[in-house]
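Asks: The chain contents come next:
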Amino acid sequence: MPVNETLATYSDWTYNSAVAVYVLAMVFYLCEQAFGRVAKKSSQEARELVAVGGGGSEVVVTTAASPAPGRVIREERSRAERLGRMGAALTVLGAVLHGGSLVLRGVATGRAPWGNMYEYGALLCLAAVVTWLVLMRKYSVRRLGAFVLLPIVILMFLGGTVLYTNAAPVQPALQSYWLVIHVSVISASSGILLVPGIVSVLYLLKNANERNPERLVKITRKLPAADVLDRLAYRTTIFGFPLYTVGIICGAIWAEAAWGRFWGWDPKETTAFVAWVVYAAYLHARATAGWRGSGAAWINVLGFAVSVFNLFFINLVTAGLHSYAGVG
Amino acid sequence: MRNALAFLRNTWRGLTAMRTALSLLFLLALGAMPGALLPQRSLNSPKVVEYIDQHGWWGRLLDKMQFFDVYGSVWFAAIYVLLFVSLVGCLLPRTLDYYRQSRAKPVLTPRNLSRMPHHASSTADTTAEEVITSAKSVLRGWRTVEREEADGARSISAERGFLREAGNLVFHFALLGMLVAFALGKMFGYEGQVIVQAGGGQFCNSGVFNYDSFKPGLRVDGTQLSPFCVKVDDFHASYLANGQAESFLAGISYQSGDDLSSGTWRPYPLKVNDPLRTAGDRVYLLGHGYTPKFTVTFPNGATRTGAVQWKPVDPITLLSEGATKFDPPQITDSQERRRNQLAITGLLAPSAVFSGTLLSSNFPEARKPAVAIDVLRGDLGNDSGRGQSIFSIDQSMVDSGRLKKVARQNLEVGQQVKLDDGTVIRFDGVDDWVSLQVAHDPTQVWVLGFAVLIILGLGTSLVVKRRRVWVRAVPQHDGRTLVEVGGLARTDQAGYGEEFVGLARELLGVTGSQGRVPATSAVRSGRPGVGVPQDKES
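Just so you know, the protein sequences line up as chains A and B, in that order.
Each residue of the first sequence is one higher than the one before, counting from 451 in the working numbering.
Each residue of the second sequence is one higher than the one before, counting from 496 in the working numbering.
Chain A with its partners taken away, still in its complex shape (with noise of 0.2 Å):
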C-alpha cells in the first residue's frame, strides 16, 4: 500500500507542534512554581473538604491535620495558579496535537503507526503525557508538571531529529495484528512507567530535604510532601506494571508466531525482563521494613533507566531480532 504523502506531512507538522505546545506548556507550569506561594500540606485536604461539602449532606468532617474543620475555603485563584491552569490546558492541546500526527501517521501509512522508533517514541510520550493528565485531574500535583513534561519533550526532540524516519510501510516480521497489541501494550506501559520515575527522582530530592532542611531547598520548596510523591509513584507504578507483564506476554506470543520460540533471550527480551524484574524488586521494597520510601524510589528510578537503556542501547547498538528502529 502506497504512503500518503501529503497526510504523513501533516503528521509531521502536527508533531513538531505538539512538541512546541509542550515546551510552551513548561513554561507556564515553571512560570507557576516561580510566582505561586509555597504549597500548603493542607491543599489537598482542603479539595477534600469541598468534596464531601458539596454532596449536599450536613455531614461534619474533621480531617487530621486540617487547622479549620469544617471550613468551605474557596480563594480567589492567584496570577499562579491561573498560570499553571493555563499550563494544564496546553498540556491537553498538546496532546490533542500529538494524538493527532499518530492518527495521520496511520492513515498515511495504512497501518498501526509504531513501526519503528521514531513512531514507537511517539506512542510511549503520548501515553507518559495522558498519564500524567489523569493524575493532574486526581491530584493536585499539577506543580510537577514542568519536571514531568521535560523527558517527555526530550524523548519527542530526540524522535523527531536523530531517530525520525519517514513514512514507510513495515517489512513482512512486523505485518501481523500482534504489532498493533504487543508494541502498542509496551509502548503505552512504558510511557506510563515514565511517569513514576520522574516522579521518585522528585520524592528523592523532597525527601533529602526533608531529612535536613537545608539541602536542596530552591528545589524542593515547593515540590508536594514527600508521601505524596511516594503514593504517586505507587499508584502510577501498580497501573503501569501489570500493563508491562501483559506487554511482554504479548511478545512472547508473538515471537512464538514469528521466531519460532516464545522466548530466546534476545538482548531486547532479555532487557525488558529485567525491567520487569526490577519493577517487581520495587513492589517488594515496598513491604520490606528498611527499604520503604527512598530505598523503593530508587528501584523506581532504576527501573526507568534500564527501560531508557533498552530504548537506547539495545536498540541502537545492539544487534537482535528487535532491531526495528529504522534509524540509519
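Note that these hints are calculated values from the structure, not bench results.
What you are looking at is a predicted structure, and each value in this text was computed from that prediction instead of being measured.
Errors might be hidden in some of the hints.
A short, non-exhaustive set of chain A residues, derived as facing chain B with CB atoms under 7 Å [stated by the list, open to error]:
| hint | residue |
| --- | --- |
| 1 | Gln621 |
| 2 | Ile688 |
| 3 | Leu693 |
| 4 | Ile699 |
| 5 | Cys700 |
| 6 | Ala705 |
| 7 | Ala707 |
| 8 | Ala708 |
| 9 | Thr721 |
| 10 | Val724 |
| 11 | Val728 |
| 12 | Ala731 |
| 13 | His734 |
Ideal Cβ placement from N, Cα and C applies to all residues, glycine included.
Use these hints to put chain B onto chain A, whose structure you have.
Replies: Coordinates of chain B only, in the frame set by chain A:
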C-alpha cells in the same frame, strides 16, 4: 545436633526472608544483563568466538565464567533456584495462613472505634436492632459477623478484599509453574533448521540428519521426532522500490499422520508470522536466498549440473556467496579424481551491477542475476575427514597447493567460461531456496496458561484492596442510638479516605432519620499515624 538444626532453621529463615528475596531479585536482574550485552552462544556462536579472539585473556576469563552462556550457566541457575526456593518458603506459610483466615471470622470490634485511622459517628432515632439491620444491607458483599456486646451494644465487623491475597498467591504459584513448564520444554523440545530448494524440494522430519542444524533438548536423542514431510512448491517475494521486503510467501505442501501412508499432500501458504502447525511441531519460514545453477561440460563430453544454495551476505541486496563443487565424471581412480575435482566459488548478485569488473547487487529480486566466480581444480578435501561448509571451499587445500585457481570470470545468465583443459562452465540462472525452522515444544501451551494466570493474579492482587470496617450501635438513655463507624485499610491505605467517607455516610445516612444525618455527627478520615497496624505484604 541441636546446633545443626538451629543452623538449618536460621538458614531457612534467612532464605525465606523478604530481604533475601529482594536481594535475589536484584541478583537475577543483574545476572541476566550480561546476556544482553555480551554475544551469546545460543544466539550467535561465531560472534562469541570473534569476541574471545579479540579480547584475549579477558575473553577467555569470561568464557570460563560462562558469560557467553549466561542462561545456561551454573551461577544464573543458582540465582533463580535460590529465588524460587525462597519463594516457596514464603508461599507455603502464606497459603496456610490464607486458608485459616478464609475460615476465620472477622476480628472483634475494637473497644474504641474513634482511635481507628478512619472514624465517623452520629446519633440515630432508631433502635440498635434497626441500625444493625440496615447497616448489614449496606455491607452486602462484605464478610461480616454480628456481635452482641456486654453493655447491650451491638456491632458488626466487616472485612473485604480476601481476593487480594488469593491473587497474590496465584501470581506467585503461576510463576513457579511457568518456570517448571519452561524447563520441561527445554528438556523435551527441539529446534532445527533446514534449507529447502523451492520448486519441489522436500524435507522430512524423520531424523536429525535431514537438518542443516539441530538443537535437541536434553532428553531428545533424535529418534522420536514427530513425523511429517514438507515440500516447497514455490516461493514469492515482493519488494518496495527501495529494496525493503514487502512480503514473503512460500507455497508448500505437507503431509503428516495418515497422509504419510496415503501419500496425500495438503497445500499451505507459509508466511512470516504464520507458521505451519502440524503433528505437534511448527514449521517457520525463516529466510530465503538464491541457488545458482551451473552446467559443466567436461572435455570427454560428459555434463554435470550443480545447484547448491549460496548464502546471502548482504541482507538488503541479497548479494550472496557460496561454493558449488563437482566430482569429475567417469573417473574411478580416487587419486585421479582428487586431482580433477572442481569448485566454483565467488559472489552471486540477483540484480547485478558492474563497476568495471567488480560485481555488486542493487536489488534483492532476481532481475538480472550474475556471478563473479573463481574456478578451482584439484583436491577439494572431501576425503580429508574434516567437516566442510557447503558455502565455502577448504582453504587449507588451497594453501597447501592441492587446489589451484584455474579461472576467474564474471558470468551473466547463459554465458560460459572455458577452462585450460577444455572444460566449459555455463551459468544457467538462479532458483530460490527457503530456510525453514522446525520447532517442537510440548509444554508451551502450559507456559501460556501460567502466563494468563500470572496476569489474572497480578491484576487481582493490585486492584483488590483489603478493607475493614466496624459499626457499633450503642443504645442511649433517651431511646436513641449512638452509631459509630471505624475503618482500617489493611493494604494500600491511600485512597481509603474518600472511600471511607462515602461508606460511612451511607452507613450513618441510612441509619439516620429520613436520610438526614444530625449535625452532631462527625466523620474523620486521616492518614493512619505511627502505631496504627498495617499489613506487610511479600
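Asks: Which of the listed hints are broken here?
Replies: Checked against the structure, the hints that fail are numbers 3, 5 and 6, while the rest are satisfied.
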